[in-house]
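J.: The primary structure of each chain is shown beneath.
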Amino acid sequence: MADDASAPAQHEFSAEHNRTFGKLATGMTITAIAMAVLGVIYIVVGAISFAMNPPVLLGIARGVVFVLIALFLASGAKSIRHIITTEGSDVTNLMAAMRKLRAVYALQLWSFALLCLLAVLAVFLFFRGALG
Amino acid sequence: MNVIDPNHPSRAEHEFDGQQNEIFKGLGGSMTVVGVFIAVLGVLNALYSLKAGSTLGVILGLGVGASMLLTGVWLLSAATRFRDIVNTQGNDLAHLMAAIARLTNVYVLQAWMISISVVITLIRVGYAIYEATQHKAYLY
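Protein chains in written order, with the numbering used here: chain A, 1 to 132; chain B, 133 to 272.
Chain A extracted, bound-state conformation (with noise of 0.2 Å):
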């Protein structure tokens, strides 16, 4: 095994701190189971739908969506509460943390990206089709 000895100690939180995001990793766990049975339910409703029209399939990637965000969360949830449970890496869970979350509201913000994109598209087919 490699001697580990000469890396830097990493910073330790003190116990208020690990209450504090014991906290964040309870809401997170709770939101990710929430947010996983929501997307499956999603998905599930839209494919005995047997339809294959915008609004059901606009369904069925929300439930994707949600699916994959509560993975991350997930995750984020597990790297928090390891801040907790360990000691000697807590900066090193804190960043595998941080990264997951930043997963977390980049696809949200793609997603939202892609809904402005759909939203601009259905005005623009509503009014070429109200004017032709």
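It should be emphasised that the hints constitute simulated quantities derived from the structure, not laboratory data. You may find that some hints are simply not true.
Said to hold, decoys possible - No farther apart than 25 Å at their CA atoms in a straight line, the calculated lysine-lysine pairs in the BS3-like style are these:
1. A/Lys78 x B/Lys157
2. B/Lys157 x A/Lys23
3. A/Lys23 x A/Lys78
Given chain A, work out where chain B should sit, using these hints.
T.: Using the frame of chain A, we list chain B on its own:
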């Protein structure tokens, strides 16, 4: 003089390095856009709910709109604190813990709102299945 006690490492002020700052910067940036979007959607949702036919519809719409607006404001506040980690020196931990506290508010509120959505969605799906089976029984 600042003496760092090795027995109490948490008391020493930690400064995040450049690579870590990049992660906070990226997180803060995405969070700002998402926060603005959610806040605007919340306001639009609240305004749109005023046109609802029933009092219950108005109350529900205003409730959802207010919670979205609150989520957006907390996200923006957390994003500002994450950016402060990058832009300032000597106070990284205080900024980090402030951002974490705001994110906790966001996720506690989201946990409640999404759990309520799950219950409502399950009731609606159950009712739709019940309606479909009743309709099928009527046909036969």
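J.: Take a quick look at whether A/Lys78 and B/Lys157 sit within 25 Å of each other, Cα to Cα.
T.: Given that 25 Å is the threshold and the Cα spacing comes to 22 Å, the pair holds.
J.: Please verify whether B/Lys157 and A/Lys23 have alpha carbons no more than 25 Å apart.
T.: holds, 23 Å
J.: A/Lys23 and A/Lys78 were given as a pair; does the straight-line alpha-carbon distance stay at or below 25 Å?
T.: holds, 12 Å
In summary, the structure agrees with every hint in the numbered list given earlier.
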